[in-house]
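Peer 1: Please construct the entire structure, taking both the sequences and the accompanying hints into account.
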Amino acid sequence: NAGVTQTPKFQVLKTGQSMTLQCAQDMNHEYMSWYRQDPGMGLRLIHYSVGAGITDQGEVPNGYNVSRSTTEDFPLRLLSAAPSQTSVYFCASSRTGGSQETQYFGPGTRLLVL
Amino acid sequence: AQKVTQAQTEISVVEKEDVTLDCVYETRDTTYYLFWYKQPPSGELVFLIRRNSFDEQNEISGRYSWNFQKSTSSFNFTITASQVVDSAVYFCALSEWGSSNTGKLIFGQGTTLQVKP
Chain R
1 NAGVTQTPKF
11 QVLKTGQSMT
21 LQCAQDMNHE
31 YMSWYRQDPG
41 MGLRLIHYSV
51 GAGITDQGEV
61 PNGYNVSRST
71 TEDFPLRLLS
81 AAPSQTSVYF
91 CASSRTGGSQ
101 ETQYFGPGTR
111 LLVL
Chain S
1 AQKVTQAQTE
11 ISVVEKEDVT
21 LDCVYETRDT
31 TYYLFWYKQP
41 PSGELVFLIR
51 RNSFDEQNEI
61 SGRYSWNFQK
71 STSSFNFTIT
81 ASQVVDSAVY
91 FCALSEWGSS
101 NTGKLIFGQG
111 TTLQVKP
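In the order they appear, the protein sequences are chains R and S.
Counting from 1, position 12 in the first sequence corresponds to residue 12 in my numbering; the numbering is continuous, with no gaps.
Counting from 1, position 102 in the second sequence corresponds to residue 102 in my numbering; the numbering is continuous, with no gaps.
Simulated from the structure, these hints should not be mistaken for laboratory data.
Where a beta carbon is used, it is the ideal one built from N, C-alpha and C, also for glycine.
Just so you know, not all the hints are guaranteed correct.
[Said to hold, decoys possible] Each computed DSS-like pair below joins lysine-lysine, with the alpha-carbon atoms no more than 30 Å apart:
no.: 1; chain 1: S; residue 1: K116; chain 2: S; residue 2: K16
no.: 2; chain 1: S; residue 1: K38; chain 2: S; residue 2: K3
no.: 3; chain 1: S; residue 1: K38; chain 2: S; residue 2: K116
no.: 4; chain 1: S; residue 1: K38; chain 2: S; residue 2: K16
no.: 5; chain 1: S; residue 1: K38; chain 2: R; residue 2: K9
no.: 6; chain 1: S; residue 1: K116; chain 2: R; residue 2: K9
[Claimed, not checked] For each label pair, taking beta carbons as the anchor points, the in silico distance ranges come out as:
no.: 7; chain 1: R; residue 1: R110; chain 2: S; residue 2: Y64; range: 23 to 33 Å
no.: 8; chain 1: R; residue 1: T20; chain 2: S; residue 2: D55; range: 16 to 26 Å
no.: 9; chain 1: R; residue 1: S18; chain 2: S; residue 2: Q57; range: 47 to 57 Å
no.: 10; chain 1: S; residue 1: E44; chain 2: R; residue 2: L112; range: 12 to 22 Å
Peer 2: Right, here's the structure in full:
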């Protein structure tokens with residue numbers, strides 16, 4: 001099992017550009033989520049999905065879109081990048097969205113917006 | 001409101017010293033789960049432990065131990081005989097039963113542990 005994979009590892013964007021951060025898991029997990037990590041703030045939930053075709057907003061959703069067409073994939077889209085979106089992005093998955101579930105994280109994508 | 005506080009921003013110890021990382025949480029739920037994750041310099045997040053609010057027994061795994069005290073809303077993490085490989089950022093996180101299947105984890109700010117040889 002590869003677990004949770006993310007691509008790219010690192011990306012530099014100019015303000016206003018768009019891009020998609022890819023996330024995939026091979027554990028047949030129903031639940032997937034995106035977090036961003038900023039210095040001194042821990043990780044904050046951007047969007048999540050409890051199954052294919054179902055997505056919802058987390059704590060900091062503005063500027064990001066998601067979709068979940070398959071169980072395995074959960075891409076995160078930045079439609080018009082802003083410097084405030086410079087961060088490290090983590091994708092996570094768990095068997096379900098229940099609070100008792102352990103979430104497993106991907107290796108992260110470091111994004112720099114100039 | 002739910003919150004996790006890791007008051008220690010950075011800790012530096014010499015190898016073989018014991019070190020305790022503090023975690024204090026706030027929640028209105030009676031059922032909740034607490035987690036610790038390790039983020040080594042390579043950047044990935046590694047799951048260490050999960051504890052539910054009904055189980056106050058301390059847990060030991062090798063050099064790692066966790067002390068959960070509901071009376072003080074704390075879930076502290078101790079590394080015994082620290083090693084250089086323990087150098088990392090450690091995150092404490094909270095998941096509430098009342099989070100309605102959102103799976104939301106509330107993270108503390110993280111504690112950076114540096115173990116010097």
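Peer 1: Going back to the hint list, which numbers does this structure go against?
Peer 2: 8
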